[in-house]
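Asker: Let the sequences and hints guide you as you build the complete structure.
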Amino acid sequence: KGMDKKCSEVAVFTDENCYFPLKGHKSRIWDVCNEIGLSGVMYDIFLASDFEKVYDDYKVFVFVEPNKTRLLSDCIKTAKENGKAVMVITDDDEVKSEKFKGLFEINGITVPTKQKAVVYTAENHTVFYAHEKGRYDFSIDGRKTFTDFFTGERIVFPREINKTTCWLFEKE
Numbered sequence: 145k146g147m148d149k150k151c152s153e154v155a156v157f158t159d160e161n162c163y164f165p166l167k168g169h170k171s172r173i174w175d176v177c178n179e180i181g182l183s184g185v186m187y188d189i190f191l192a193s194d195f196e197k198v199y200d201d202y203k204v205f206v207f208v209e210p211n212k213t214r215l216l217s218d219c220i221k222t223a224k225e226n227g228k229a230v231m232v233i234t235d236d237d238e239v240k241s242e243k244f245k246g247l248f249e250i251n252g253i254t255v256p257t258k259q260k261a262v263v264y265t266a267e268n269h270t271v272f273y274a275h276e277k278g279r280y281d282f283s284i285d286g287r288k289t290f291t292d293f294f295t296g297e298r299i300v301f302p303r304e305i306n307k308t309t310c311w312l313f314e315k316e
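Residue numbers (my numbering): 145 to 316.
Please note that the accuracy of each hint is not assured.
Straight-line Cα separation of at most 25 Å, PhoX-like style, residue types lysine-lysine; simulated pairs [to be verified]:
1) Lys224 x Lys212
2) Lys260 x Lys288
3) Lys288 x Lys307
4) Lys260 x Lys240
5) Lys307 x Lys260
6) Lys203 x Lys224
7) Lys240 x Lys307
8) Lys258 x Lys288
9) Lys260 x Lys203
10) Lys224 x Lys240
11) Lys243 x Lys221
12) Lys260 x Lys315
13) Lys203 x Lys228
14) Lys258 x Lys307
15) Lys243 x Lys258
16) Lys240 x Lys228
By construction, these hints were calculated from the structure, which means they are not laboratory data.
Answerer: The following block contains the structure:
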């Protein structure tokens, strides 16, 4: 049941209403996905109509609900009744990566870095994207040394990053 080779433990659900600008700014789903991405934890995004197909595959559910819809409300109710970790984001909620990191950590999901960085891990590679300067500590499965796919350079964390940086690491 669900997806093949899923790498994340977080599912984000929304409906078509979230793809339109709200209150004169980018859509709410963009705000939420941007901040979840900056938490360093991977996620998959679905329409609420996919809920039943993938429900068993995830630990944490984030529902983006700027407007009440029956379908999203039913999904939220089902997830809560079955003891799943649920966060509902409305149009008025503040959305910050730190809030998501806390939710993920208390539900047993490893956050690979305390700093704001986007991390995606697939079968053979990991992408690490730091969008601001600072000292980054990063690990996956306890490893802090990675090999840059393009240069072969060994990248060791923690390390100082002085500019926007993106690496593609080979999985070892």
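Asker: Does each hint hold? Answer for all of them.
Answerer: Each hint tested on the structure:
no.: 1; hint: Lys224 x Lys212; verdict: holds (17 Å)
no.: 2; hint: Lys260 x Lys288; verdict: holds (17 Å)
no.: 3; hint: Lys288 x Lys307; verdict: holds (20 Å)
no.: 4; hint: Lys260 x Lys240; verdict: holds (10 Å)
no.: 5; hint: Lys307 x Lys260; verdict: holds (13 Å)
no.: 6; hint: Lys203 x Lys224; verdict: holds (12 Å)
no.: 7; hint: Lys240 x Lys307; verdict: holds (22 Å)
no.: 8; hint: Lys258 x Lys288; verdict: holds (14 Å)
no.: 9; hint: Lys260 x Lys203; verdict: holds (22 Å)
no.: 10; hint: Lys224 x Lys240; verdict: holds (22 Å)
no.: 11; hint: Lys243 x Lys221; verdict: holds (22 Å)
no.: 12; hint: Lys260 x Lys315; verdict: holds (22 Å)
no.: 13; hint: Lys203 x Lys228; verdict: holds (7 Å)
no.: 14; hint: Lys258 x Lys307; verdict: holds (18 Å)
no.: 15; hint: Lys243 x Lys258; verdict: holds (12 Å)
no.: 16; hint: Lys240 x Lys228; verdict: holds (21 Å)
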